[in-house]
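Given these sequences and hints, build the entire structure.
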Amino acid sequence: MAYTVQQIADSLGASALGATHLEIDAVAEPSDAGPRDLALAMKPEYAEKIGQGRARAAMLWQGADWAALGLEAAIIAPRPRFALAGLSALMDPGQGWDSGIHPSAVIDPRAELAEGVSVGPLCVIGARARIGAGTVIGPQCFIGADSVIGQGGFLREGVRIGPRVRIGDRFIAQPNAVIGSDGFSFVTPEQSGVERARATLGDQGEVKSQSYARIHSLGGVTIGDDVEIGSHTCIDRGTIRDTQIGNGTKIDNLVQIGHNVIIGRDTLLCGQVGIGGSVVIGDNVVMAGQTGIGDNLFVGNNVICGGATKALSNIPAGRVMLGYPAMKMDSQMEVYKGLRRLKRLFQDVADLKKTVSNLRQSD
Amino acid sequence: MAYTVQQIADSLGASALGATHLEIDAVAEPSDAGPRDLALAMKPEYAEKIGQGRARAAMLWQGADWAALGLEAAIIAPRPRFALAGLSALMDPGQGWDSGIHPSAVIDPRAELAEGVSVGPLCVIGARARIGAGTVIGPQCFIGADSVIGQGGFLREGVRIGPRVRIGDRFIAQPNAVIGSDGFSFVTPEQSGVERARATLGDQGEVKSQSYARIHSLGGVTIGDDVEIGSHTCIDRGTIRDTQIGNGTKIDNLVQIGHNVIIGRDTLLCGQVGIGGSVVIGDNVVMAGQTGIGDNLFVGNNVICGGATKALSNIPAGRVMLGYPAMKMDSQMEVYKGLRRLKRLFQDVADLKKTVSNLRQSD
Amino acid sequence: MAYTVQQIADSLGASALGATHLEIDAVAEPSDAGPRDLALAMKPEYAEKIGQGRARAAMLWQGADWAALGLEAAIIAPRPRFALAGLSALMDPGQGWDSGIHPSAVIDPRAELAEGVSVGPLCVIGARARIGAGTVIGPQCFIGADSVIGQGGFLREGVRIGPRVRIGDRFIAQPNAVIGSDGFSFVTPEQSGVERARATLGDQGEVKSQSYARIHSLGGVTIGDDVEIGSHTCIDRGTIRDTQIGNGTKIDNLVQIGHNVIIGRDTLLCGQVGIGGSVVIGDNVVMAGQTGIGDNLFVGNNVICGGATKALSNIPAGRVMLGYPAMKMDSQMEVYKGLRRLKRLFQDVADLKKTVSNLRQSD
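Chains as they are written, first to last, in the numbering used here: chain A, 206 to 568; chain B, 206 to 568; chain C, 206 to 568.
Quick caveat, the hints were computed from the structure, so don't treat them as lab data.
A hint or two may mislead.
Unchecked claim - For lysine-lysine, the following DSS-like pairs were computed, each having C-alpha atoms within a straight-line distance of at most 30 Å:
#1 A/Lys542 <-> A/Lys558
#2 B/Lys248 <-> A/Lys559
#3 B/Lys542 <-> A/Lys558
#4 A/Lys548 <-> A/Lys533
#5 A/Lys542 <-> C/Lys248
#6 C/Lys254 <-> A/Lys558
#7 C/Lys533 <-> B/Lys533
#8 B/Lys559 <-> C/Lys559
#9 C/Lys559 <-> C/Lys548
#10 C/Lys413 <-> B/Lys542
#11 A/Lys542 <-> B/Lys548
#12 A/Lys548 <-> B/Lys248
#13 A/Lys559 <-> A/Lys533
#14 C/Lys533 <-> C/Lys559
#15 B/Lys548 <-> C/Lys558
#16 C/Lys548 <-> B/Lys558
#17 A/Lys533 <-> C/Lys548
#18 A/Lys559 <-> C/Lys558
#19 B/Lys559 <-> C/Lys558
#20 A/Lys533 <-> B/Lys413
#21 B/Lys542 <-> C/Lys548
#22 C/Lys542 <-> C/Lys558
#23 B/Lys542 <-> A/Lys533
#24 C/Lys548 <-> C/Lys558
#25 B/Lys558 <-> B/Lys542
#26 B/Lys548 <-> B/Lys559
#27 A/Lys548 <-> A/Lys559
#28 C/Lys248 <-> B/Lys548
#29 B/Lys548 <-> B/Lys558
#30 C/Lys548 <-> C/Lys533
#31 B/Lys559 <-> B/Lys542
#32 B/Lys558 <-> A/Lys559
#33 A/Lys542 <-> B/Lys542
#34 B/Lys548 <-> C/Lys542
#35 B/Lys533 <-> C/Lys548
#36 B/Lys548 <-> B/Lys533
#37 C/Lys254 <-> A/Lys533
#38 A/Lys548 <-> A/Lys558
Computed from a prediction, not measured in an experiment: that's the story for all the values here.
Structure (structure tokens):
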């Protein structure tokens, strides 16, 4: 679908300049752009690339001289990266799926589908599941018994939602996401080596071989509005009460959320993050890829964890953390600097010992 | 399904006190509990929460004064966490699936399904697969040719089991678990940089660009009795012989088990653990989340690895390990303490150098 | 299918010795081998095992005295591990799937399937998808609209390929692999704490709660020839242009490839590797399991990363790296040695301080 430069700018609350009637089919990187593409060159360092492509219009940084760049039209937004959100939503060609209920889907007669729900081929929807108006269930998805999904949701292919999961409006799930797997919770008849090692910080005492009994997950998962869950992410059900994800929280691919976890609002968990059982995470937290949070810990509001941070203890609100074990980022950077100079430090101490020994002998 | 307090206590081998005829529908956290729920308050710190809910009966810690807590009945178990295993099994409402063979399942006529097997909608079961009595194959699962699953198994939705996989009794698999993916095994025509870097511990020598030839996985996977495999976990097939998982071993979500791995009995691998190819792991091992074990290593019986432990060498039996690279937990804790004081150590050494230099001059 | 020892040796370019007419059904480890198996004993340390099995023929190391080992025939290859690639391909019994288009597959009439394509039961193939000659689409796979897969590909069960993905010839995908999930890309209306923490290396400044706007992925994924993708691996689509994987690159299970990533030729990424958004990786790179590369970084040709390496900065071509944060492997090994001696270093410095203090007093 084509839009004029003016229409695009209006939809973004941005300024349109020049030949604003030019029609745009798609967006492109400057050097790849054709004459009906909007080139994205939102920083001055991309200026040169514009000449390498054939764009007639571009989204540019503030203060850019679009005419001098050989363009006929430009869009200038005050915060270009934010404008990209609106622009990408406008230009998204979607998945190319047919709407409606595909006849190959296996839908329990007791399920309730609101107006405008689409169900893709080869889906399974369980008893008493309720799907809100306009929600799209992609091909080969599974929705368990008694689960609820709100309005305006979008599930990509192969998503699995277990029983008794409650999800709010505008939910997005990427291919093969799993919500409502059972918690990983086992117990030995007698106290185990792990229980003792935890109590003693490292000594598991006399070891006795024991088999495990399974603690079943009786809880479900409760997910707020405007949540997105990535491919191959798993969210386990709670043991007694629900695992909880707050409004606006976004979770990337291959993330593990253990049983009983509570996550606040507008929190971002990037790829391969692992959250142990019964962890509580606040609002507006950001965890970079491969971050790990041990069982039963607490992470306060507005915490930021750098890539691969491994938390072995609670993180107070507002902290910026890094490393294994997690420390405040600035302290960790000091440690890293120290490690690089460690060999020299050993040499210095060895030299000092020699010098001091000589001094003592001469003393 | 409802049970009396007495029935529940009997099934757990626990004591029932007070109005033991009270009927219980479900279990709940103390503050959420309604009058037909059994509140779980197995430590004294939950006592206060009981008054916030409406429970008439609770499972309590030993020595609790149930009447003083305003309850009409109580269950007291000697090891409450172990009792929770039995209680949760008793009260589990299950998945809400119909039993029997769903007509939409695609089952090879050469497959053998024992008595009482259920196969969910849109499953695929391959030639000569054999499924033991009472096993439930959930919706949209795949069972490969010549694979065997024992009795009393339970596969959640979307589980994939490749060909020639042999699994024992009472197997549980979480949504989208994969068993029998091909091993990741490639070889270059001539010695590669990695082979040289391994031999020299870091020097890959002259680098020559080479493409890889694939080593196919001819082995399968053999899994014992009472094993559970988590969501999005992958267990690769062996190259020549089977990858092996012993009886009673439990594997959490997003775990990678490489080709040829041998894992013993009653071992626990938590979320996102990664086990390299040809690793041998003993019995009663526990690896916390995000632990990694490099290719070809050995991990002895009763080893415990703390969160995100990364093993670059063998781990003898009975060790409690932590960190990257893995060390004994107590040594690692010493290292962590040292790192926090590293900046001061550099300062101390700098000061010492100055002092000693002055001493030498004055000497 | 059976082959003679001579036929096997010929297909591998290896030498056949002894009773080369012996028929072989399968390969086996020496101690498991039966009389129609080819025992694999490609290093002298396996010699003893041959007597424990019943093999009449074996693939042996160069210079082995096969007759003295009690064998009737032997195959000797100059680089045995490379010969194993050809041998395993020859002896692979495959998946046991029927060929042809299964009637339960849901194939859009606008999709184009070339000659000899197989589509397994319960697959979904979208509008205008094109599948090259001889490619096998396993059971329960999904191929999105406008996607292209080349010739001779092999997709195991449950693979998900999103829309507008372009894949070359001889592609292999393991069960449940996902290609073309949406990128994880969100932006706040105003500058966020993370943006500030990045700029200041740790100080996120005044925190303001903000919700996220989604940046849609308009790009696809382009994958070269001879690529293999593991189980539960995710490859995200690009934001504007395609995410790219070069010819001959092999990716193991549970790997995360972020949006806009570019990976070169003949690169190996092992299990649970995580590649952040917009990372550029060269040719002939090897990353061991659980390696992580932060967003926007560059990794040069021929880099090798040891297990669980976490890169927080660019890696120049040819480097062999290890650790968190990543350092050159030899430097990191020095650091590890230092850490083990850190406690003693603190003691040495404490002793020195005391000695020097005494010297000063006596001075």
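To see whether the hints hold, each was checked on the structure:
Between the alpha carbons of A/Lys542 and A/Lys558 the distance comes to roughly 24 Å, so the proposed pair stays at or under 30 Å and holds. In summary, the hint linking B/Lys248 to A/Lys559 is not supported, as the alpha carbons are separated by about 59 Å, beyond the 30 Å threshold. Taken as a hint, the B/Lys542 and A/Lys558 pair is honoured in the structure, with Cα atoms around 24 Å apart against an allowance of 30 Å. Straight-line distance between C-alpha atoms of A/Lys548 and A/Lys533 comes to about 24 Å, which keeps the hinted pair within the 30 Å bound.
The hinted pair formed by A/Lys542 and C/Lys248 fails the criterion: a straight-line CA distance of about 45 Å is larger than 30 Å. A threshold of 30 Å between alpha carbons decides the hint, and for C/Lys254 with A/Lys558 the separation of about 55 Å lies outside it, so the pair is violated. With a CA separation close to 24 Å, the supplied pair C/Lys533 and B/Lys533 stays within the 30 Å bound. The hinted pair formed by B/Lys559 and C/Lys559 meets the criterion: a straight-line CA distance of about 15 Å does not exceed 30 Å.
Restraint check: the Cα-Cα separation between C/Lys559 and C/Lys548 comes to about 17 Å, which is no more than 30 Å; the hinted pair holds. Restraint check: the Cα-Cα separation between C/Lys413 and B/Lys542 comes to about 34 Å, which exceeds 30 Å; the hinted pair is violated. The suggested pairing of A/Lys542 with B/Lys548 holds, with an alpha-carbon distance near 9 Å, which does not exceed 30 Å. About 50 Å separates the Cα atoms of A/Lys548 and B/Lys248, which puts this hinted pair outside 30 Å; it is violated.
For the proposed pair A/Lys559 and A/Lys533, the alpha carbon gap of about 37 Å is over 30 Å, so the pair is violated. For the suggested pair C/Lys533 and C/Lys559, the alpha carbons sit about 37 Å apart, so the restraint of at most 30 Å is broken. Distance check on the hinted pair: B/Lys548 and C/Lys558 sit about 16 Å apart at the alpha-carbon level, within 30 Å; holds. Under the criterion of a C-alpha separation no larger than 30 Å, the hint pairing C/Lys548 with B/Lys558 is consistent with the structure, at around 20 Å.
The hinted pair formed by A/Lys533 and C/Lys548 meets the criterion: a straight-line CA distance of about 23 Å does not exceed 30 Å. Only pairs whose Cα atoms come within 30 Å are accepted, and A/Lys559 paired with C/Lys558 is accepted, the gap being roughly 14 Å. For the hint linking B/Lys559 to C/Lys558, the alpha-carbon distance of about 12 Å falls within 30 Å, and the restraint holds. The hinted pair formed by A/Lys533 and B/Lys413 fails the criterion: a straight-line CA distance of about 42 Å is larger than 30 Å.
Taking the CA atoms of B/Lys542 and C/Lys548, the gap is about 9 Å. The hint holds against a cut of 30 Å. Distance check on the hinted pair: C/Lys542 and C/Lys558 sit about 24 Å apart at the alpha-carbon level, within 30 Å; holds. Proximity of B/Lys542 to A/Lys533 is assessed by CA-CA distance (about 14 Å); at most 30 Å being required, the pair is judged to hold. A threshold of 30 Å between alpha carbons decides the hint, and for C/Lys548 with C/Lys558 the separation of about 16 Å falls inside it, so the pair holds.
About 24 Å separates the Cα atoms of B/Lys558 and B/Lys542, which keeps this hinted pair within 30 Å; it holds. Taken as a hint, the B/Lys548 and B/Lys559 pair is honoured in the structure, with Cα atoms around 17 Å apart against an allowance of 30 Å. Between the alpha carbons of A/Lys548 and A/Lys559 the distance comes to roughly 17 Å, so the proposed pair stays at or under 30 Å and holds. Of the supplied pair hints, the one linking C/Lys248 and B/Lys548 is violated, its CA atoms being roughly 50 Å apart against a limit of 30 Å.
For a cut-off of 30 Å, the pair hint linking B/Lys548 to B/Lys558 stands: about 16 Å separates their Cα positions. Straight-line distance between C-alpha atoms of C/Lys548 and C/Lys533 comes to about 24 Å, which keeps the hinted pair within the 30 Å bound. Between B/Lys559 and B/Lys542 the alpha-carbon distance is near 26 Å, which keeps this suggested pair within the 30 Å criterion. Straight-line distance between C-alpha atoms of B/Lys558 and A/Lys559 comes to about 12 Å, which keeps the hinted pair within the 30 Å bound.
Distance restraint check for A/Lys542 and B/Lys542: the Cα-Cα separation of roughly 17 Å lies within the 30 Å cut-off, and the hinted pair is therefore satisfied. Between B/Lys548 and C/Lys542 the CA atoms are separated by roughly 19 Å; this keeps the pair inside 30 Å, and the hint holds. A hinted pair counts as satisfied when its Cα atoms are at most 30 Å apart, and B/Lys533 with C/Lys548 qualifies at roughly 14 Å. With a CA separation close to 24 Å, the supplied pair B/Lys548 and B/Lys533 stays within the 30 Å bound.
A threshold of 30 Å between alpha carbons decides the hint, and for C/Lys254 with A/Lys533 the separation of about 54 Å lies outside it, so the pair is violated. Restraint check: the Cα-Cα separation between A/Lys548 and A/Lys558 comes to about 16 Å, which is no more than 30 Å; the hinted pair holds.
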